[in-house]
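Student: The whole structure should be built from the sequences, with the hints applied where relevant.
Protein chains in written order, with the working numbering: chain A, 1 to 404; chain B, 1 to 874; chain C, 1 to 90.
No lab work stands behind these hints: they were computed from the structure. Model, not experiment: these values are computed from the prediction. No residue lacks a Cβ here, since even glycine has one placed at the ideal position from N, Cα and C. Hints are supplied without guarantee of correctness; some may be wrong.
[As the list claims (entries may be wrong)] What follows is a set of in silico ranges between Cβ atoms, one per label pair, in the way DEER data are often shown: (1) C/E87 with B/D594: 36 to 42 Å; (2) B/S624 with C/P7: 18 to 24 Å; (3) B/P809 with C/P7: 52 to 58 Å; (4) B/D286 with A/T197: 56 to 62 Å; (5) A/G219 with B/S352: 35 to 41 Å.
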Amino acid sequence: MNPLPEHPDFLWRNPEPRSSYDVIIIGAGGHGLATAYYLASKHGITNVAVLEKGWLAGGNMARNTTIIRSNYLWDESAAIYEHALKLWEGLPEELGYDFLFSQRGVLNLAHTLQDVREGVRRVNANRLNGVDAEWVEPSEIAEICPIINLSPKTRYPVLGGTFQPRAGIAKHDHVAWALARRADELGVDLIQNCEVTGFVKDGNRVVGVETNRGRILAGRVGLAAAGHSSVLAEKAGFRLPVQSHPLQALVSELNEQVHPTVVMSNHVHVYVSQAHKGELVMGAGVDSYNGYGQRGSFHVIEHQMAAAVELFPIFARAHVLRTWGGIVDVTPDASPIIGTTPVENLFVNCGWGTGGFKATPSAGWAFAHTIATGEPHPLNAPFSLDRFTTGALIDEHGAAAVAH
Amino acid sequence: MSRLPAGGRIDRGEVLRFTVDGRELTGHPGDTVASAMLAHGIIEVAPSIYRERPRGIMAAGVEEPNALLQVAGPCSEGMLPATTVELYDGLVASTLSGKGRLDPTPDPAVYDKKFVHTDVLVVGGGPAGRKAAAEASATGVRVMLVDDQPELDGELPPDTVVLTRTTAIGSYDDNYVLALERRTDHLGAAAPANVSRQRLWHIRAARVVLATGAHERPLVFAGNDKPGVMLAGAVRTYLNRYGVAAGSRVVVFTNNDSAYDTVRDLLDAGIEVAAVVDARPEVSVDVDVRILTGSAVINTEGEDRITGVLVRSLDGDAVESFECDLLAVSGGWSPVVHLHSQRQGKLRWDDSLAAFVPHGPVRNQEIVGAANGEGLWATRALWLVPSDSYDTHFVDLQRDVTVADVWRSTGAGMLNVEHVKRYTSLGTANDQGKTSGVNAIGVIAHALGGSVGEIGTTTYRAPYTPVAFAALAGRERGDLFDPERTTSIHPWHVEHGALFEDVGQWKRPWYFPRDGEDIDAAVARECRAARNGVAFMDASTLGKIEIWGADAGEFLNRIYTNAFKKLKPGHARYGVMCKPDGMIFDDGVTLRLDDNRFFLTTTTGGAANVLDWLEEWLQTEWPSLDVHCTSVTEQWATIAVVGPRSRDVVSVLAPDLDLSAEAFPFMTFRETVLASGVPARICRISFSGELAYEINVSSWYGLSVWEQVYEAGMPYDITPYGTETMHVLRAEKGYVIVGQDTDGTVTPHDAGMAWAVSKQKDFVGNRSFSRSDTARTDRKQLISLLPTDGTTKLPEGTQIIAGDVALTPPVPMLGHVTSSYHSEALGRPFALALVAGGQSRIGETLMAHVGSELVPVQVADLVLYDPEGSRRDG
Amino acid sequence: MLLISCPWCGPRDETEFRYGGQAHVAYPETPAELDDQQWAEYVFYRENPKGPFAERWMHAIGCRRWFNVLRDTVSYEVLAVYRNGEEVPR
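Tutor: Structure, rendered in structure tokens:
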């Protein structure tokens with residue numbers, strides 16, 4: 001029998017847009033939907049529309065590798081991602097939807113002495129920040145994930161790793177639908193095929209948006225458009241320090257379960273899990289160039305496969321079934337921007353790079369707070385746009401270079 | 001069902017033995033596993049994945065949804081369509097229920113890649129493809145043709161490179177096509193050991209011709225998944241190509257004329273065709289078979305295999321039953337537009353063909369034949385056969401998705417085919433919707449009342465057919481995964497038992513343990529040698545760049561935070577460079593060789609990035625500067641001879657040099673010829689605080705000069721040391737390692753190098769220092785930490801907290817330990833750490849959070865050893 | 001795999017090149033005279049258009065020269081290649 005839970009018989013209405021709303025969220029991805037859900041459920045703001053130019057959750061929400069973790073280095077990052085993880089832990093019940101949240105742990109491998117230093121540093125910071133994290137030696141890695149090649153004779157032997165047991169995966173599409181269903185129930189209008197083409201402004205204050213389905217007025221507008229954020233910001237009259245790049249991922253066919261956790265290796269460039277149905281889900285590298293094409297170059301995939309087979313010899317005869325690309329919006333410090341903008345009543349949540357999916361609940365939670373109150377929550381206050389002016393970056397690139 | 005007495009492109013003279021699901025069977029060269037199974041009357045394969053319904057072979061090509069094999073071998077491979085696996089003697093396989101098994105046995109096969117250019121690439125060796133290839137080659141251009149079958153069905157086009165068993169799997173920007181060639185599997189045990197199993201062709205073509213044909217679609221009715229329901233075209237393929245009758249009494253169900261070719265061929269082969277059920281109200285074909293027009297198969301009979309069908313007029317009630325052991329179905333044809341669509345080629349819905357066809361070609365591509373809708377049959381769309389229940393109207397057989405499932409999703413509010421796909425998992429199986437995709441869109445359109453064309457397809461993505469990870473990895477495995485860089489002295493290190501550390505791509509000696517020594521003992525010994533006697537290290541991996549030109553000094557002034565323009569020839573200076581954000585990017589010592597020539601060194605891992613960085617500024621910002629950069633990392637071997645006795649050693653090697661501190665002062669260098677006749681550049685540079693010389697020679701002489709140093713040092717028990725000892729020695733002196741003590745958030749001021757930041761000139765990054773956050777005085781600053789117990793060596797990465805904070809998360813952290821060692825010279829452990837406001841905390845006691853313990857540490861000045869610098873002149 | 005025509009070497013695969021982001025962003029002549037916001041604009045802000053984009057590439061494993069490319073960020077089509085110091089082709 002199908003091991004997966006059945007979906008609900010009803011998910012959402014498909015309403016026509018009304019002429020005005022208290023709040024408009026641009027982008028019905030995970031973050032937009034979570035924002036609408038928390039606006040309605042936590043702040044009592046239900047006169048909300050989420051406008052989506054394509055199909056609901058059809059951008060990066062449909063294209064990510066579903067990894068959830070909170071073991072980030074810097075305090076500000078750990079706080080917002082750990083808040084997300086705590087929300088994740090309650091969401092299946094809160095939303096009444098089994099979206100296959102599986103806390104199977106995430107293992108980050110270290111292959112050089114510098115990797116080890118960074119890993120230990122992160123674990124120590126994580127623990128003091130209340131994030132479950134531990135350093136694991138190769139012998140322990142063999143227990144956690146027996147299929148990893150731990151031979152000391154490989155090009156970059158595994159020297160150890162960090163492990164976050166509470167981390168894991170969730171079925172991305174289902175997460176979006178769970179949020180959408182509840183938002184819809186609470187009165188939020190989810191409007192697909194509705195592309196924002198411009199902003200209606202009164203002086204420096206936004207009062208609505210122009211769309212391919214007509215003008216829609218709004219008290220406040222929240223931008224949650226990921227890779228398209230800078231295009232929309234430009235229409236609204238401000239700039240974002242964001243570059244949009246292709247990021248590719250792939251799945252294999254279904255195979256019997258062999259991979260019990262999630263493994264990430266920055267050095268060998270692999271991140272992989274095995275989904276409930278049995279497919280291997282893998283991320284590839286970011287293409288170097290800017291691109292909105294939702295596709296990248298094949299050599300990135302080839303390099304990814306070389307790394308996968310090097311680290312997991314058992315994958316040699318697994319098959320790439322499908323590759324695809326998303327558009328990641330990357331900031332100079334690899335941390336998001338969530339907060340106010342130079343335009344009054346217009347708020348932005350963007351720049352999540354590769355971290356967007358795992359942050360979905362807290363991004364929505366913090367963004368809803370920001371929109372509802374007009375001020376950032378302490379969780380997202382550090383992620384303001386003005387950090388690029390003051391220099392108070394939250395640099396999650398990690399160590400700049402391997403050196404000596 | 002049986003092998004026909006004659007016909008087919010098989011070699012009946014040779015018998016191949018094979019085993020499927022434990023049954024020992026035979027076949028012939030030219031067979032696939034599927035055709036050979038059918039020849040034995042076996043159509044049934046493993047049951048379906050979720051509903052465990054009986055399933056059978058349904059197609060004859062890559063679109064097969066049911067018959068998937070796990071093929072045994074030195075490394076077993078799963079999820080291979082039986083319709084594409086060529087038979088070989090001794091093949092052992094089992095059929096799968098839509099899920100494979102990964103074999104933990106290491107894959108012994110070799111996979112390789114070829115990179116080629118061609119003027120024209122033709123994909124598909126059918127009539128349209130062969131014609132296109134012949135026409136192209138007639139114009140004198142280079143032509144390649146790839147086809148996924150073992151042989152072309154017709155004459156080879158002239159002057160064309162033809163690759164058979166080669167599937168074009170992906171089409172990328174600017175006509176870059178990936179094609180996988182299967183080279184040895186079909187040979188079984190006879191496969192030569194020296195031939196790669198598969199080869200991934202990377203083909204850049206000026207023009208691409210897609211002649212990829214079309215795939216037949218099944219029809220959607222109750223019980224349409226029963227073994228014995230087969231695509232009509234596949235029935236015909238088995239008949240003509242393999243000489244196999246897939247049934248003995250056949251009913252045909254169609255909505256287009258193509259199935260009548262099957263009918264004719266079946267009749268010609270003497271196989272009974274009980275009836276043709278044609279959904280179209282009128283049919284004008286000439287076959288000697290009863291045709292039920294305007295009718296549909298409404299259900300199938302039989303348990304594990306079809307025994308009959310029920311037929312009803314589409315606008316009537318009367319039901320007629322027919323016995324049969326094979327139901328050949330044709331629901332129309334879908335052009336194979338995958339490669340076209342992967343390049344964002346547009347599609348349009350063609351109502352008369354009931355198919356999505358290309359809507360104009362992609363730039364520099366053509367699409368011909370059936371792939372372009374040419375020669376396909378007029379088709380009356382019949383997306384589903386009306387019924388009371390849709391629970392066994394299968395749309396996607398491999399994923400067990402029915403019409404009822406699709407409608408459940410549309411009922412839930414899903415209007416988009418991508419949503420339906422995700423709700424039902426339709427089209428996500430191994431066949432990627434090749435037989436189910438368009439039918440699904442029809443079923444959705446039926447539910448929503450829209451047109452099929454408006455709903456549109458899901459996105460076509462590479463690969464066209466699944467490809468083994470190992471084939472994409474190619475030769476980049478094991479030793480070839482990433483190149484290993486070694487210095488010219490490397491063999492000596494190996495011979496002398498060094499353990500190595502990976503630094504970038506370099507293998508650097510980490511330490512040189514003697515018998516029974518662990519790392520601590522070895523490093524302690526190496527440190528003592530450097531501080532008390534003499535030791536030597538291979539520093540050849542440091543990046544080296546020559547900077548030439550009249551403006552070289554001016555250029556370095558702009559790049560480095562400190563001044564280089566007035567550095568005198570013959571002198572050396574340490575420099576730090578920052579990115580525009582003011583954060584340390586790299587560091588190293590630079591020599592001025594003459595007025596117009598500098599020799600710049602970088603960190604080992606940073607060499608390539610620094611060269612890129614310098615060239616970027618020169619070319620894009622300051623093209624008027626007369627400066628050229630040349631990487632010389634590989635040209636030089638560098639040997640650091642370190643310790644109070646280093647002068648004694650170097651004096652033997654370089655007798656022509658006056659090595660006295662007065663004649664050859666610190667931070668200068670001399671060109672000389674060694675006693676051995678080797679030209680050398682010797683620098684008085686020290687990364688340890690000790691008297692030290694760096695001997696630079698052509699890397700050709702590296703090993704030889706290293707051995708000369710070793711020999712000259714023997715009387716002083718000269719000791720080779722590696723990166724670990726180098727780290728200890730430099731840390732005792734407070735010298736940073738970029739990338740270890742810095743992490744992209746550290747300014748030169750933070751790192752205790754305000755002395756290296758010029759206030760007299762501008763340089764890249766300077767402006768960032770005055771930003772409000774960067775100008776804070778309580779930023780994390782590099783200092784030393786001394787564990788107050790005098791014995792605890794803090795783990796690197798330990799977090800530092802104030803003594804009075806509660807350990808309730810989140811615990812405020814002040815910083816972290818970047819480097820930590822036991823110091824032989826100090827007789828105690830010590831650490832370097834980045835600590836908030838560290839430079840104003842000297843003398844304070846803080847806590848290091850080690851495991852669950854708090855270790856008191858005293859903040860100390862960055863330089864712990866010989867702060868006066870009294871040792872550098874020996 | 002983009003095909004990029006190096007102005008000096010001719011058409012080569014994308015993997016021979018290094019990407020350099022937006023073209024025509026000049027280093028400020030007098031950084032000290034900029035305010036923090038202006039300096040931030042130079043350091044961190046780059047155009048990110050959906051459509052034609054003037055960007056820099058460097059032929060890293062060829063002639064190692066930087067040059068400019070006008071490329072569509074949606075279709076990825078290279079619309080023009082031109083040398084440093086030249087205007088964006090229209």
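Student: List, from low to high, the hint numbers that the structure doesn't satisfy.
Tutor: Hint 5 is the one this structure does not satisfy, whereas the remaining hints hold.
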